[in-house]
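Novice: Sequence:
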Amino acid sequence: MFVLTGPFSVTRRYKAFRRRRFEVRAFEGVVLGSSGGARRRGRVVVLGVGNALLGDDGVGPMVARMLGAGPCGSLVAIDAGEAPEAHLGKVREEEPDLVVIVDAVDFGGRPGEVAFLDPGEVGFSPWRLLSTHKIPLGLLARYIKEEVGAEVVVIGVQPRSIGFEERMSEEVRRAAEAVAEMLREISAEGHREGCR
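Position one of the sequence shown corresponds to residue 983 (my numbering), numbered consecutively onward.
No lab work stands behind these hints: they were computed from the structure.
Honestly, I wouldn't trust all of these hints.
[Claimed, not checked] Simulated restraints on C-beta separations:
no., residue 1, residue 2, range
1, R1074, S1143, 15 to 23 Å
2, E1075, R1142, 32 to 40 Å
3, R1047, R1074, 19 to 27 Å
4, D1088, A1065, 18 to 26 Å
5, E1128, R1149, 34 to 42 Å
6, E1152, E1128, 32 to 40 Å
7, G1090, L1121, 15 to 23 Å
8, R1047, E1075, 28 to 36 Å
In this text, a Cβ means the ideal position worked out from N, Cα and C, and glycines have one as well.
Could you build all of it, start to finish, from the sequences and the hints given here?
Specialist: Right, here's the structure in full:
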């Protein structure tokens, strides 16, 4: 796990994380995945997971909405809500090289902290059981990697509260904005049209 604390430049720290933990270069136009067949260079799907009626648990869908429903450079954002498994067909259609899952994850940090998580850690850490979703993130990540042939990164945002409330905490809202901005910047690096 690589944790970012605010205030921070998410893009700068993501790049440091990328060099240290993964060779996640899809944003730079390098083909990832080993499923065979022709793949688009640098295609990225952001899967926003969560429930907006549970306060900070809505951070994933909020990031997806901030990025827009349509293509953005090499990036496609999907608001997967509480049932990311229902959107796997769309993920497969996009033929991504990288899938970024954004979700509220209780990793013991301060509210609004952002962590880049190895999908293997998600499957075996104690906080995987705190998910409000039908399918654990570790299992979802493994399925995407095996069936879609894409690399997977989980971006977890530490929630303040995931009780029944419509308002998201200020710390988590700021983290959502920072994560969306980071994804826009990284996507735009290798593609002139970028994201708005």
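Novice: Against each hint, give a clear statement of whether it holds in the structure.
Specialist: How the hints compare with the structure:
For R1074 paired with S1143, a C-beta distance near 34 Å fails the hint of 15 to 23 Å. A hinted range of 32 to 40 Å holds for the C-beta pair E1075 and R1142, which are about 35 Å apart. Taking 19 to 27 Å as the suggested C-beta distance range, the pair R1047 and R1074 conforms, at roughly 22 Å. Separation of D1088 from A1065 is about 20 Å and conforms to the stated range, judged on CB atoms against 18 to 26 Å.
Checked against the hint of 34 to 42 Å, the pair E1128 and R1149 passes, with Cβ atoms roughly 38 Å apart. At about 38 Å, the beta-carbon gap between E1152 and E1128 stays in the expected band of 32 to 40 Å. Hint check: G1090 to L1121, Cβ distance near 22 Å, so the stated range 15 to 23 Å holds. One distance hint, 28 to 36 Å for the beta-carbon pair R1047 and E1075, is violated here, with the actual separation near 20 Å.
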